[in-house]
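> My request is simple: use the sequences and hints to build the entire structure.
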Amino acid sequence: MQRYLDYNAGCPALDVSIQASVETLQRSLGNPSSLHWAGRAARKILDDARDALANYLHVEAGSVVFTSGGTEANNLAIHGWLSTQKPGRIVVSSIEHPSVLQPLEIWAGKSGWEVVYVRPKSNGVVDVETFCSHIDNNTRLVCLMMVNNETGTVQPVSSVAKYCREQGVAMLVDAVQAMGKLALDVGELDVDFVSFSAHKIGGPKGVGALVIKRGRKLDSYLQGGGQERKRRSGTENVPGVAGFVAALGLLDFNACKKVRDGFETSLQLALPDTVVFGAEAERVDNTSMFSMPGLDGETLLMQLDLAGFAVASGSACSSGKRDASHVLLAMGASDQQARSSIRVSFAPQHTMEDADALVDALVNIRKRLKMMAGAG
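FYI, in our numbering the residues of the sequence shown are 4 to 379.
It is worth saying that the hints were derived from the structure and are not from the lab.
Each hint should be verified, as a subset may be incorrect.
What the hints assert, rightly or not - Label-pair restraints from in silico Cβ distances:
id : residue 1 : residue 2 : range
1  : Leu272    : Gly65     : 19 to 25 Å
2  : Ser162    : Glu283    : 17 to 23 Å
3  : Leu272    : Thr354    : 41 to 47 Å
4  : Glu117    : Glu283    : 28 to 34 Å
5  : Ser162    : Arg30     : 44 to 50 Å
6  : Gly335    : Gly33     : 50 to 56 Å
7  : Glu283    : Glu132    : 27 to 33 Å
8  : Ala313    : Leu28     : 24 to 30 Å
9  : Lys220    : Asp188    : 48 to 54 Å
10 : Gly91     : Arg232    : 22 to 28 Å
From a predicted model like this one, the values you see are computed outputs, not experimental measurements.
C-beta atoms are modelled at their ideal positions from N, C-alpha and C, and glycine is treated no differently.
In structure tokens, the structure reads:
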């Protein structure tokens with residue numbers, strides 16, 4: 004029996020999302036930038052979807068820019084904003100997604116720019132006072148994710164956002180892992196840039212959005228037709244956008260808490276030396292990241308795959324890499340722990356039967372690998 008337990012990497016598309024995308028493909032003939040009747044019909048679908056997402060997030064429709072996903076949204080905010088600014092400081096947590104950290108590496112190499120990386124506490128949560136102490140009058144951008152994609156820890160974005168507003172500093176919040184897991188009111192959060200991705204909530208892959216606060220101007224690094232109010236050139240993915248908004252609010256990952264907590268309890272009873280990361284902090288209810296001492300994470304991942312379990316060793320965007328988790332290293336975990344970590348992310352339909360089956364598989368795999376090591 005196969006069990007998919009990697010919902011932080013991507014949710015299988017919901018039937019209603021697939022239906023919305025297919026119907027749009029079938030009836031949306033024109034380019035939404037065209038002036039004729041077919042273009043106007045496509046434009047209406049796009050505008051209605053923009054209104055729906057804006058209402059869901061409690062923001063103005065004009066602030067929503069559709070993108071190809073969270074990665075593009077983060078890159079658009081970072082490159083688009085910083086290219087309008089004089090050289091200065093950027094303050095970012097050390098546990099951000101690579102789509103934030105890697106673009107900032109580019110800016111760190113530019114003359115006059117400084118990137119300050121702030122590590123979290125050992126529980127995986129950034130300390131507000133420590134983080135904000137690095138923000139000065141030369142700071143051009145602050146980046147702090149709402150939910151960490153590996154550990155599921157919830158970051159203090161509201162407190163940091165309040166400080167940024169008081170200092171007049173722009174802030175980017177990567178909220179890709181928050182949608183469907185936390186109550187979202189982007190209007191109340193009142194930050195400059197917030198990124199989202201459809202496939203984390205059962206929408207299509209390859210669609211996302213960036214919410215831009217009124218008055219914030221970006222340089223579009225994608226040049227072309229000037230779509231999305233000249234902020235993101237390229238013909239909009241109308242079927243994908245339709246599927247995105249059709250999935251809004253349908254998955255409630257809060258229902259995963261009982262199964263996630265039961266899984267961790269059973270795992271630590273069966274294998275007492277297992278370390279669960281971020282367990283003492285506020286986390287979203289579907290995510291568990293743990294380490295089993297003495298075992299290589301990649302080997303464990305492959306063994307679980309053979310047993311029918313789809314789990315992860317960190318960010319799916321880093322698949323194929325054997326690097327230790329930068330998130331766990333920033334939290335103070337050892338290199339061995341960071342390399343032997345596994346992330347499980349449940350969905351609302353999962354039960355304790357799924358959790359118990361995974362625990363049994365982990366116990367059997369560990370026993371088998373130890374026997375093989377002893378025989379060698």
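> Hints the structure violates: just list their numbers, smallest first.
Hints 1, 3, 7, 9 not satisfied by this model.
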